[in-house]
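*Asks:* These protein sequences, in sequence, are chains E and H. So the first sequence is numbered by this note's numbering: it starts at 435 and just counts up by one. So the second sequence is numbered by this note's numbering: it starts at 2 and just counts up by one.
Honestly, I wouldn't trust all of these hints.
Sample of chain H residues lacking proximity to chain E, with all beta carbon distances greater than 10 Å (derived) [to be verified]:
{"hint": "1", "residue": "SER108"}
{"hint": "2", "residue": "LEU270"}
{"hint": "3", "residue": "TYR419"}
{"hint": "4", "residue": "PRO448"}
List time: in silico DSS-like cross-link candidates among lysine-lysine, alpha-carbon distance up to 25 Å [as the list claims (entries may be wrong)]:
{"hint": "5", "chain 1": "E", "residue 1": "LYS463", "chain 2": "H", "residue 2": "LYS284"}
{"hint": "6", "chain 1": "H", "residue 1": "LYS62", "chain 2": "H", "residue 2": "LYS31"}
{"hint": "7", "chain 1": "H", "residue 1": "LYS241", "chain 2": "H", "residue 2": "LYS284"}
{"hint": "8", "chain 1": "H", "residue 1": "LYS304", "chain 2": "H", "residue 2": "LYS122"}
{"hint": "9", "chain 1": "E", "residue 1": "LYS463", "chain 2": "H", "residue 2": "LYS241"}
{"hint": "10", "chain 1": "H", "residue 1": "LYS112", "chain 2": "H", "residue 2": "LYS62"}
Since the hints were derived computationally from the structure, they do not count as laboratory data. Backbone N, C-alpha and C define an ideal beta-carbon position, used for all residues, glycine too.
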Amino acid sequence: MKTRLTDITEIIRSKNSGPYELTLDIIFKDYENFNKVCAAQVINADLIARLYRIPKSDIINIVEFVPAKAIKATIRRPLCSGDIGETDVYGAQQHAPLLDVEFEI
Amino acid sequence: MKEEFRILSATAILGYGFPIQSFLAGMERKPHLIAVDAGSTDPGPYYLGAGISFTDRDAVKRDLEIMIQAGIENHIPVVIGTAGGSGAEPHLTWCREIVEEIAREQSLHFKLALIHAELEKDFIKEQFLQGKITPLEPAPPLTMENIEATTHIVAQMGIEPFLAAFESGPDVILAGRTYDPVCFAALAIKNGCDPALSLHLGKILECAAICATPGSGSDCMFGYIGEDYFRLEPLNPARKCTTLSVAAHTLYEKTNPYILPGPGGHLDLHECRFEQETDRIVKVSGTKFVPSANNTVKLEGTKSIGYRTVSIAGARDPVMIRQIDEIIKGVKERVADNFAGKLGDYSLLFHIYGRDGVMGPLEPHPSVAQAHELGIVIEATAASQQQADTICAFARSTMLHYGYEGRRATAGNLAFPYSPSDFHAGQVFVFSIYHLLQTDDPASLFPIDYLTL
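Extracted from the complex, chain H is given alone in its bound form:
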């Protein structure tokens, strides 16, 4: 029987950390690959557009230091997908500099493959005009205007660029935006493992110990791929993988757990079986891969729509709380009237915690009838930070002294936890591209640099 292919997944997202004992337990199992997913679109549009990581530099360095040292010492490739959280050029550079710093400080010498994932706007425009870009429902159709306004456009790479990079025998692969499972699956597939099982295992390993019970976003997980199955084993003795915890994870953040689309096709889980092998190890089999007629990659991009200033306050007066809707309406009218024709387009919103601050339009009980206090976040967005400041400050001071019906508390309507009361939330980004790009040669989209450190 062929030896199982073994993968150590360090943590759910690079920089979320892991106990060193878990990692060492993983190393004892002699992995063929140490890998980690470093990204997500979950934290929203800001990080891709601004070119900033949502994870902390020191935390990322701590995780990478342990992984790279162990990899180099034991001749095990280390693969990092979606570097810097979003995987565009600034994110890749940010993470490359951390890797270089580690090499310098630890006197490590190794081969680094750097896979780029950011695409030029002109290329995207060309593809758009040729009808090669389609929206990923329910995203709206793409426009030339949105391509132009987008700050960074990335494509999610599949296995092709990794297979190419592995040809040169790199010690570390640092990749830009990557389809999450691929940084775990690519080397397994190169070594002859079943692509469906490798990708399905990758889909679970990319969240590391989240698939265990108790789950954790900051602990390691170990995967084994055999001829017609894969197995999952948590490395922390406090955790177990159960058929429920693993099957439940298959649902996580997915629209349809039976059909998991990715570059080049989709995983089909209709005949998938989850079996309890020991009380801590789960065995999975029966996953199929169905190639798609057209080869596509997913594009992501975000654009800036201005700057935001917020003010945080609370209200405890029951007379005020009952009239919160009228007060907000009155404040908005005062702001509009005071700066009529002077400020250009802006948005002024009031998040009312205690009414519908969490669920907004989805809230089934958007009422203040039961509330004894409200949390209020005033949010102004405008073309410049200064304009956003003006609107936020004026709305805040107007609300503070607003004379509502039946008011007894004439000294002020709001309780501010902070001085200053208003905060710069900085540049505001929104998703502008979430589309599929048709391509006959996916590897050509992701150029590779080979460096020797």
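For reference, chain E alone in the conformation it holds in the complex:
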């Protein structure tokens, strides 16, 4: 049976990390599911590249942060914050593609 990321997480959010980077936080409800998702490497570079239609070289890192039961992916912003063509100066509404993620674990 497929698991939805939204069913096992407490927080899914995006925000600038400085004007050149966008960081995505996924915080899980419990360690059981967090550990399973980490072990299965569900949140990986292929997934982020596909969800955001970016080359993998634009992914700066994907980090598992155990104290917060969290996985964090940071990508290069398509534009430096506030450049011509900006759509989200704070980067606070770029998390939505993660809400649709489903997987088998």
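Starting from the structure of chain E, add chain H where the hints point.
*Replies:* Coordinates of chain H only, in the frame set by chain E:
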């Protein structure tokens, strides 16, 4: 056992406000320091370049009045970091005038230390030519042209200028651009607290009650630093700090939560422990500070690239919505053709809400197939406001009456919520400097004025 060092953080950003009951609960705990972070680069490049605060003057004055009165009355230093939101000279002056006004109106007399953070262009050019400036990846390398075009260049100060300022026993320290945690950590470090714990606590206190649950950007937070730990306690009984809420905050706006870089080195959180002390208080320990081989400060600067005019409209006609891409292409061609050779460089963009207005190139479903209405923001940027007006107005009127394939609604293609339909968005700035400056003497970059009010 040594007494804990106690810090009252008033609010997430000076001017965002706080309930007075929370502040009084903080005062009851007899803080050694009342501090607030007043800035951020989050609101984008405009505010630094234009020399304007992104927070409201009356709101900043309200917060400062309460903090300064309480500080003076109880002989507790009040520290404000990144004055005026961006911490360049105009921002510092703006905030200093508010402090002076409060002193006058409340008949308060106190010692004020003013720490400057704006750097001269000539100095930056010199450092650049000596190879002392490197880009903060993924920012592009610096150029002489960008230094020249930048309106204000600030450096983020570390603890050194604060340690120097505290020597004179000021009642209030008002600092320009500051590495956020430092306005909380500096006095703690001066009093012998562990630098790693002080900076890590500062990193959390700079957002005040955002680290609690429910979180808030407009409420107080209290921090205690002991021998080998620090503790966080929300001051509003409606909030709690939990290991999750505090650990989650450690992720916030960071690239890597284990490694938090700052002036002079980085915090290492690999061995950090978050423990629930009571149902509202969280205890943190194990944070390390790793000094860097080279001492650096972060530089920030923005430059103007012209002026912007925008027009806001909506579309509800399904025949039009399905052809939005062709219509935009046609409008852009008409504008280019109509003013060929007359307007110089300009940019004309259409933000299409309902398609990819929020995510732009990152949008996984950039389609209007499901949309029954679209929000449209037409945006023109050019060398002068007048040129931007011309392009925006012409694009708007062309789009309004554009004859697309299969059109039945020949009276107009756009719904405008306002008259006038077009708005001046003013001068446009972009980040031009986001780099590291190598320095052997960071304190020398941040001169201090001592005033008696």
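*Asks:* Find the hints from earlier in the document that the structure breaks and name them by number, from lowest to highest.
*Replies:* 2
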